[in-house]
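Peer 1: Listed here are the chains, written in short residue letters.
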Amino acid sequence: MLYEFRLSEIVPQMSGATIECIYAAIGDRLPMGAKLLDLSVDLSSAFAQECPPVSYYRLVLREAVFLRRFDAVPGKHYALGEQVALFSTDATETLNGPIGRPIRCTVAGIIHHEAMWSGGCVA
Amino acid sequence: MRGMNTIALRFGPLKADSYTIVRSGVRWLVEDGQPCRAGQPIGYCNISLEPTGARLKSAPTFTEEQDIQIVFAPRVSGRLAIRSDMARGGYLSTRAIDAWDPDTVVAQIMPDGPTDTGDPGRLRLMGVAGRRMTRLADIHSGLLSGWYSRSRGWWCEGNEPPITLLSMGVCDATGVILGEKCSFLDMFEATRAPTQCVFVPDHPLAPCAPILIEQIERTPAQSDAIAEDLRQFFSRPNIHPTPEDWIFAGTLLSVLRNTPLKDRLDIFSDTGTRKLAPANAVLMSLNVEPQSILRHRQLGYHVHIMRHHLAGAGPAIRAWLTSAFEPVKRSLDVIRRDYETLIDTLARTTGGRVLILNRMSTSGYEDISNYSAFDAPMSATLSNIAAKEQNLMLHDISETRNLAVIDVDALAAELGGGLHLPDGIHQSGRMQMELRQEIVHVLSDMRGLRQTTRTPARAAG
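Going down the list, the sequences are from chains A and B. Position 103 (the first sequence) corresponds to 103 in the working numbering; numbering is contiguous. Position 285 (the second sequence) corresponds to 408 in the working numbering; numbering is contiguous.
Treat each hint with caution, since some may be false.
Here are some chain B residues the structure puts well away from chain A; computed CB gaps all over 10 Å [to be verified]: (1) R133; (2) E154; (3) V528.
With a cut-off of at most 30 Å between alpha-carbon atoms, the simulated DSSO-like pairs for lysine-lysine come out as follows [as the list claims (entries may be wrong)]: (4) K385(B) x K138(B); (5) K76(A) x K452(B); (6) K398(B) x K385(B); (7) K35(A) x K452(B); (8) K304(B) x K398(B); (9) K138(B) x K398(B); (10) K304(B) x K385(B); (11) K35(A) x K511(B).
These are computed hints drawn from the structure, not numbers from a lab. A quick note: this is a predicted structure, and the numbers were derived from the prediction, not measured. Think of the CB as a built atom: it goes at the ideal place given N, C-alpha and C, for glycine as much as any other residue.
Please take these sequences and the hints and turn them into a complete structure.
Peer 2: Printed below as a string of structure tokens:
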């Protein structure tokens, strides 16, 4: 069975998100509760403000899977609806089959941290 | 009670000791024929203070502030008929041309109902003044329209001393105090009680507790050492400061020398000039307390520059911040200790009270059904849990110290965070109005007036 993660709306008015951190690599077996990535959402394009309303989120898996396709790198921007990752329930399952459903995951608001692509205090 | 005849609206008295007050033509904030509320600002003039020639008793007042304006508002609601000839146009609406005449009639108002104020024709006046970040920032486009390192607005009549509220600006503390038009108009309309609002922006230093403590305690020699360190860095052969670096450096050094929490500011009103005590109330935001801050490796002072302001720095400033500073983690205990130090220092030195806007601690945008995926302490990762712990910390502090917590968290939950605080920082106009009222209540408590006004209602109930 193939599952996917497409960037869906986390906050209204968002048009996309930027990858801040990745915690997994292609081929990894990811248990339930595994971190996949951190991302940032900048609503500046929706709200004309000098102080950009940027918020940060972590994607955590709610089911055990193998990560099979994942081209996210820190700094990469994804538009809403774009596929970010493809998973399978079997490590060697062909990726040509139909995608069963979106992966079950949790999106949590997190604090900005030094390991993020957008950097530390002087980035 | 008076009838509903048209009332002539006149400036009323305004005096500045040893100065003649000269004003520009009027710039209107309303249209002729427009209905307006009691206390709604309807126009303003630029002001110049011209020495009368008499020997001044002390140093000239307002020497720091390049822009001074007077805003006026009717005391009663009704429909306005403005005197269009008061707007002189062109430079005559920005340059002082006429001596202040208290009997000048600027408009007429047809009141909505009977008026019971003592002198409904006398306009309410608010003085506003701005200290430019640089004298080059002479922007005359409107009301408090320049780039200011400090701006303020005050209103008082007779001998009532105003209470001074200092807002150390980040977004959530800025809009509430400056208001929609960024010139204290909303605060002026929200309360008639004598008040001075002072606003210091976060350019380029975000006003977190350790920075404010250092601003209070820094000596001129320490300021000189900071400037010398930066000058030496810029003089290195491999460092080539850009115009952005010089502007940023000048702004930073200027702000590091300022002492907004200790400033004693002059005002003028209908009774003349007076010097006010340092801020009675200091409004801060919990959102500005970072969990990691930069500390200078040799000189030990802190800077906290938010990302969108760091964008104004050039490569030399960035290189200086990277090499001369080290990031220091701030745990919840450290943040608490810094707050307590600041509160105690203010209580000891100026008597000022701290008001803190707490944090929105819930979000409709997350869907955590199981917290086992997040390592302890979860407050180190999850922003809403961190916000809850920080909010609780404020309540703990308020049990032993004179701290007023402005409960953004509860208010946003009540109004609806999605509509009124979508990103947890930037409030809607409605929410700003509600927070403004909360702050006005705290100031009222500080004056001792609120208790007085509540007593009859309690007795009646």
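Peer 1: Quickly compare the C-alpha distance for K304(B) and K398(B) to 30 Å and report which way the hint goes.
Peer 2: holds, 27 Å
Peer 1: Does K511(B) lie within 30 Å of K35(A) when you go C-alpha to C-alpha?
Peer 2: Distance of about 23 Å is within 30 Å: holds.
Peer 1: Holds or violated: are the alpha carbons of K138(B) and K398(B) at most 30 Å from each other?
Peer 2: Holds, at about 14 Å.
Peer 1: Is it the case that R133(B) keeps its Cβ farther than 10 Å from each residue Cβ in chain A?
Peer 2: holds, 40 Å
Peer 1: Compare the distance between the alpha carbons of K398(B) and K385(B) with 30 Å, and conclude whether the hinted pair is satisfied.
Peer 2: With Cα atoms ~13 Å apart, K398(B) and K385(B) stay inside 30 Å; holds.
Peer 1: Tell me if the straight-line CA distance from K385(B) to K138(B) falls inside 30 Å.
Peer 2: holds, 25 Å
Peer 1: Verify that the Cβ of V528(B) lies farther than 10 Å from every Cβ atom of chain A, and report whether the claim holds or is violated.
Peer 2: holds, 21 Å
Peer 1: Is K76(A) close enough to K452(B), meaning Cα to Cα at most 30 Å?
Peer 2: holds, 28 Å
Peer 1: Between the alpha carbons of K35(A) and K452(B), is the straight-line distance 30 Å or under?
Peer 2: Judged against 30 Å, a Cα distance of about 24 Å means the pair holds.
Peer 1: Is the claim that E154(B) lies outside the interface with chain A correct, judged by CB distances over 10 Å?
Peer 2: holds, 26 Å
Peer 1: Just to be careful, I want the Cα atoms of K304(B) and K385(B) compared with a cutoff of 30 Å; is the pair within it?
Peer 2: Holds. K304(B) to K385(B) sits at ~27 Å (cutoff 30 Å).
Figure legend: structure checked against the earlier numbered hints; every hint is met.
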